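Working from the sequences, and respecting the hints, build out all of it.
Number of protein chains: 2
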Amino acid sequence: RTNERDLNEPLTDHAEGQLFLTEAFKIIVDEVLRKGTDVKHKVCEWKEPEELARLLDLELRETGEPQQKLLQRVRDVAKYSVKTSHPRFFNQQFAGMDYYSLAGRYLTETLNTNLFTYEVAPVFVLMETEVLRGLRQLVGWTEGDGIFCPGGSASNMYAMNLARYRLFPEAKSQGLYGLPRLAVFTSPESHYSVKKGAAFLGIGMDNVILVKVDDGGHMIPEDLDEKIELTKSQGAVPFLVSCTSGTTVQGAFDPLDRIADVCDKHKLWMHIDAAWGGSVLFSKQHRHLMKGADRANSVAWNPHKMLVAGLQCSALLLKDTTNLLKHCHSTRATYLFQQDKFYDVNLDIGDKSLQCSRKVDCLKLWLMWKAVGSAGLAERVDKAFVHVRYLVEQMKKRDGFHLLGEPEFVNVCFWFIPPSLRGKEGNADYQEKLAKVAPTIKERMMKQGTMMVGYQPLGNKVNFFRVIAFSPLISQKDLDFFLNEIERLGNDL
Amino acid sequence: RTNERDLNEPLTDHAEGQLFLTEAFKIIVDEVLRKGTDVKHKVCEWKEPEELARLLDLELRETGEPQQKLLQRVRDVAKYSVKTSHPRFFNQQFAGMDYYSLAGRYLTETLNTNLFTYEVAPVFVLMETEVLRGLRQLVGWTEGDGIFCPGGSASNMYAMNLARYRLFPEAKSQGLYGLPRLAVFTSPESHYSVKKGAAFLGIGMDNVILVKVDDGGHMIPEDLDEKIELTKSQGAVPFLVSCTSGTTVQGAFDPLDRIADVCDKHKLWMHIDAAWGGSVLFSKQHRHLMKGADRANSVAWNPHKMLVAGLQCSALLLKDTTNLLKHCHSTRATYLFQQDKFYDVNLDIGDKSLQCSRKVDCLKLWLMWKAVGSAGLAERVDKAFVHVRYLVEQMKKRDGFHLLGEPEFVNVCFWFIPPSLRGKEGNADYQEKLAKVAPTIKERMMKQGTMMVGYQPLGNKVNFFRVIAFSPLISQKDLDFFLNEIERLGNDL
Ligand SMILES: Cc1ncc(COP(=O)(O)O)c(C=O)c1O
Ligand SMILES: Cc1ncc(COP(=O)(O)O)c(C=O)c1O
Chain A
1 RTNERDLNEP LTDHAEGQLF LTEAFKIIVD EVLRKGTDVK HKVCEWKEPE ELARLLDLEL
61 RETGEPQQKL LQRVRDVAKY SVKTSHPRFF NQQFAGMDYY SLAGRYLTET LNTNLFTYEV
121 APVFVLMETE VLRGLRQLVG WTEGDGIFCP GGSASNMYAM NLARYRLFPE AKSQGLYGLP
181 RLAVFTSPES HYSVKKGAAF LGIGMDNVIL VKVDDGGHMI PEDLDEKIEL TKSQGAVPFL
241 VSCTSGTTVQ GAFDPLDRIA DVCDKHKLWM HIDAAWGGSV LFSKQHRHLM KGADRANSVA
301 WNPHKMLVAG LQCSALLLKD TTNLLKHCHS TRATYLFQQD KFYDVNLDIG DKSLQCSRKV
361 DCLKLWLMWK AVGSAGLAER VDKAFVHVRY LVEQMKKRDG FHLLGEPEFV NVCFWFIPPS
421 LRGKEGNADY QEKLAKVAPT IKERMMKQGT MMVGYQPLGN KVNFFRVIAF SPLISQKDLD
481 FFLNEIERLG NDL
Chain B
1 RTNERDLNEP LTDHAEGQLF LTEAFKIIVD EVLRKGTDVK HKVCEWKEPE ELARLLDLEL
61 RETGEPQQKL LQRVRDVAKY SVKTSHPRFF NQQFAGMDYY SLAGRYLTET LNTNLFTYEV
121 APVFVLMETE VLRGLRQLVG WTEGDGIFCP GGSASNMYAM NLARYRLFPE AKSQGLYGLP
181 RLAVFTSPES HYSVKKGAAF LGIGMDNVIL VKVDDGGHMI PEDLDEKIEL TKSQGAVPFL
241 VSCTSGTTVQ GAFDPLDRIA DVCDKHKLWM HIDAAWGGSV LFSKQHRHLM KGADRANSVA
301 WNPHKMLVAG LQCSALLLKD TTNLLKHCHS TRATYLFQQD KFYDVNLDIG DKSLQCSRKV
361 DCLKLWLMWK AVGSAGLAER VDKAFVHVRY LVEQMKKRDG FHLLGEPEFV NVCFWFIPPS
421 LRGKEGNADY QEKLAKVAPT IKERMMKQGT MMVGYQPLGN KVNFFRVIAF SPLISQKDLD
481 FFLNEIERLG NDL
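Heads up: the protein sequence lines correspond to chains A and B, in order.
Quick note: the first sequence uses the numbering used here, first residue 1, plus one each step.
Quick note: the second sequence uses the numbering used here, first residue 1, plus one each step.
Don't read these hints as lab results, they were simulated from the structure.
Treat the numbers as computed from the prediction; the structure is a model and nothing was measured.
Glycine included, every Cβ here is placed at the ideal spot set by N, Cα and C.
Some hints could be false.
Calculated pairs, DSSO-like style, for lysine-lysine (alpha carbon to alpha carbon, straight line, at most 30 Å) [stated by the list, open to error]:
id: 1; chain 1: B; residue 1: LYS341; chain 2: A; residue 2: LYS79
id: 2; chain 1: B; residue 1: LYS396; chain 2: A; residue 2: LYS461
id: 3; chain 1: A; residue 1: LYS26; chain 2: B; residue 2: LYS341
id: 4; chain 1: A; residue 1: LYS341; chain 2: B; residue 2: LYS47
id: 5; chain 1: B; residue 1: LYS326; chain 2: B; residue 2: LYS267
Partial list, computed: chain B residues near chain A (C-beta under 8 Å) [as the list claims (entries may be wrong)]:
id: 6; residue: LEU11
id: 7; residue: ALA15
id: 8; residue: VAL29
id: 9; residue: GLY64
id: 10; residue: SER85
id: 11; residue: LEU111
id: 12; residue: GLU119
id: 13; residue: LEU126
id: 14; residue: SER173
id: 15; residue: ASP264
id: 16; residue: LYS265
id: 17; residue: LEU311
id: 18; residue: TYR335
id: 19; residue: VAL386
id: 20; residue: LYS477
Take a look, some chain A residues computed to stay more than 12 Å from chain B by CB distance [what the hints assert, rightly or not]:
id: 21; residue: PRO180
id: 22; residue: HIS288
id: 23; residue: ASN323
id: 24; residue: LYS397
id: 25; residue: GLY423
id: 26; residue: LEU483
In structure tokens, the structure reads:
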């Protein structure tokens with residue numbers, strides 16, 4: 001076929017392509033942004049996988065399809081996808097959306113460049129630096145370093161690698177052979193990426209030592225100190241404490257100042273996984289939750305969560321000013337990071353990364369930040385806290401809602417106790433029955449598509465709901481709806 | 001401020017937001033897709049970093065900005081960014097664009113969901129499975145597994161972790177302590193991510209054993225066999241051979257069948273880094289370059305490179321049918337991967353990944369594949385080879401172009417010998433002078449913005465250009481322009 005075509009004619013027809021893109025854009029706005037955020041429409045259109053596969057006709061074939069059919073496919077993908085911006089999507093640590101961020105994402109996708117050298121990404125090399133500076137300032141650092149990573153898990157793993165490198169730079173070339181066993185300290189309520197990281201980095205999940213938490217889910221510094229001593233006495237070498245600002249399930253903030261004291265004492269790298277909670281730093285009212293953050297060595301913070309910057313947007317922030325990130329990760333590939341370029345090659349930041357191709361994740365955050373200012377982002381954070389306060393008060397006024405504890409952040413964890421179980425706490429099968437309530441309600445809400453919220457067990461606590469309210473698209477009405485809907489779906493259980 | 005606002009009013013104004021997005025979309029189409037692909041406009045608008053920072057006014061402030069100003073910012077970001085879809089952008093292993101893929105990317109960004117559970121990504125869990133199946137079929141596997149990773153570097157690292165886990169599953173929990181030194185084999189022309197991975201995984205860069213290559217840059221299987229024996233005799237344990245289909249600089253394809261024989265003999269995991277070259281599998285004419293690929297254990301393939309699916313799109317494909325990916329990576333977080341869901345929890349694929357949040361990278365590829373079919377993708381690959389053939393023939397007809405060797409793929413590596421150096425190969429300072437030619441020409445082309453192409457040294461070969469021609473937006477005219485422009489920029493050197 002190739003030879004039939006004139007080589008002087010590109011394969012792509014721009015007029016046809018731009019028409020398609022414009023039509024697709026209209027469908028996207030209508031289906032996802034208009035209907036998908038309208039409470040008169042469903043959050044999800046549940047289908048069993050076999051049926052969905054049939055409806056979508058996913059198979060990839062030899063020949064292409066006409067434009068009208070492709071536009072229908074765009075519509076179908078939108079239709080059967082979950083509307084994560086819908087005001088009744090309370091299921092995850094992402095929800096809602098921001099139009100400025102979204103415009104930034106379209107621009108990023110269209111420019112399609114790679115954040116490794118100044119020559120291909122002049123704007124974004126400078127912009128990432130500025131956004132990182134802005135985030136670091138909120139942590140309380142006037143200097144430092146950082147990088148955007150493909151998610152908070154990756155940011156946490158980077159921190160682990162940096163901490164190891166600082167202590168044992170020879171591990172980069174020689175590996176862990178001949179080194180003593182290394183140990184990481186974190187709480188059982190920390191994110192699972194700490195364990196995944198330990199496994200991946202060759203440290204091993206068993207060498208992630210779990211420090212006790214109090215009832216609210218906060219790491220206990222005294223236990224940290226003891227566990228460090230114990231671990232040392234067993235011949236292992238502690239090198240990292242990974243504390244959490246905003247735990248995944250309960251939204252707890254570990255006591256940073258007291259943990260920093262322990263890290264100082266033992267000269268350990270202090271990492272804060274603030275993937276979830278970091279955004280409180282924007283708020284004058286709530287930033288005290290992270291008091292002591294400036295004493296850490298590194299902070300992971302995901303603007304793709306509470307700040308609704310859009311997936312993926314995760315920053316690893318470092319206090320370091322010795323170029324540790326580059327020393328730790330560089331391999332000095334000469335095909336990309338030539339040293340005889342005509343501009344300052346320190347602008348070629350790619351060798352700081354473990355990635356080669358690296359998406360531009362800063363533009364969406366930058367544009368949104370420019371649009372609403374630090375004040376606007378602070379307002380969103382503050383409003384989320386107000387919403388949560390309202391939700392909690394309403395729960396207390398109703399019979400069936402039993403909080404796990406007072407929320408510290410925007411996660412509200414609660415059991416819904418259906419009428420048949422109220423007052424039966426003493427029964428032998430109470431816990432067993434309670435454990436089945438959340439899954440049943442969840443199934444019903446998904447199949448009806450009215451809303452989405454997650455549940456989980458935690459330690460010895462049986463399945464409870466975790467509702468997360470922070471989207472800038474929600475209002476009190478949605479929270480009232482939430483409570484009514486849980487009752488409607490669960491009152492016969 | 002929060003309390004002043006009625007809590008019954010969401011912070012977001014949809015009408016205003018949708019208007020902004022629509023205006024931004026028009027600017028993006030005009031600046032990036034229309035002007036940015038038009039040869040009458042520049043590939044890049046070079047600015048010194050200080051000046052660019054001033055022009056962009058990057059600083060993040062307390063208060064937000066009006067819409068008109070923000071639209072100007074969209075225009076400025078587009079203006080000063082490199083136009084990677086421009087027909088004269090030959091600088092990297094990505095270039096060009098596809099309108100269907102781009103529509104898929106806008107849809108992905110707008111839906112903003114996360115590929116970890118069926119409940120939040122029903123369409124994409126099924127779609128990713130289907131796309132992976134399609135790619136695996138091209139490798140020659142009717143069964144298997146796989147996952148999309150944030151880039152080829154990550155895909156290569158996943159393969160390394162899987163290979164290690166297969167041999168030493170206890171490393172996941174216990175780390176590398178007590179294990180013998182592990183060794184990886186690859187060629188010096190393989191991608192630097194193999195070394196970065198070895199450092200990150202705790203294996204160490206020194207334990208990446210470099211196998212000799214022939215003149216064309218292909219790994220020599222006999223040397224591989226010898227190095228494996230040698231390494232074993234030194235007490236280390238070989239566990240992985242990472243060969244390359246389409247090396248980064250020269251575009252060489254390692255001899256897979258013969259390497260597979262060596263891997264079989266030593267029972268080693270055979271990984272193919274086909275991040276760059278994998279796309280030849282679409283072409284009946286060129287797929288022989290990867291003959292033997294089906295004998296590998298894993299293949300990394302980046303549709304974001306030659307298939308212009310857009311950054312990031314990288315698939316790790318596995319022959320494994322024992323759920324190794326999940327066993328190796330899972331930590332069974334109960335808040336996300338509840339086992340008591342009402343649907344088949346095998347659809348919750350997130351625990352196969354090292355990421356938690358994971359972008360949807362399959363939709364753009366799927367939509368493009370649906371649009372042009374396997375035949376259309378094959379045509380693009382075939383046409384790229386035809387273009388390269390043309391380019392090489394033209395180079396041979398001109399005086400100043402000296403090829404490093406006959407290209408095997410779409411990388412054309414050549415020195416431009418300016419008139420003053422022709423016939424001076426014997427001079428003592430010839431190499432030194434030649435080494436300076438490419439950087440000078442590069443500086444001139446960047447500052448004039450007429451085109452972009454990369455250069456690098458390799459082994460004892462001084463700086464040469466690597467021109468990569470595969471974008472579906474180019475035609476012979478662009479290749480002629482390329483040659484003329486190199487001469488124009490370099491003839492006085
Ligand atoms: C506390 C915490 N840390 C890290 C992560 C991981 O971030 P990501 O999903 O971007 O990998 C999460 C996400 O759930 C989290 O809640
Ligand atoms: C052969 C090869 N492997 C792997 C990679 C890395 O892929 P990525 O840039 O997506 O990390 C590249 C990219 O340059 C490559 O050329």
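**Asked** In ascending order, which of the hints set out earlier in this document are inconsistent with the structure?
**Response** 2, 3, 7, 15, 16, 21
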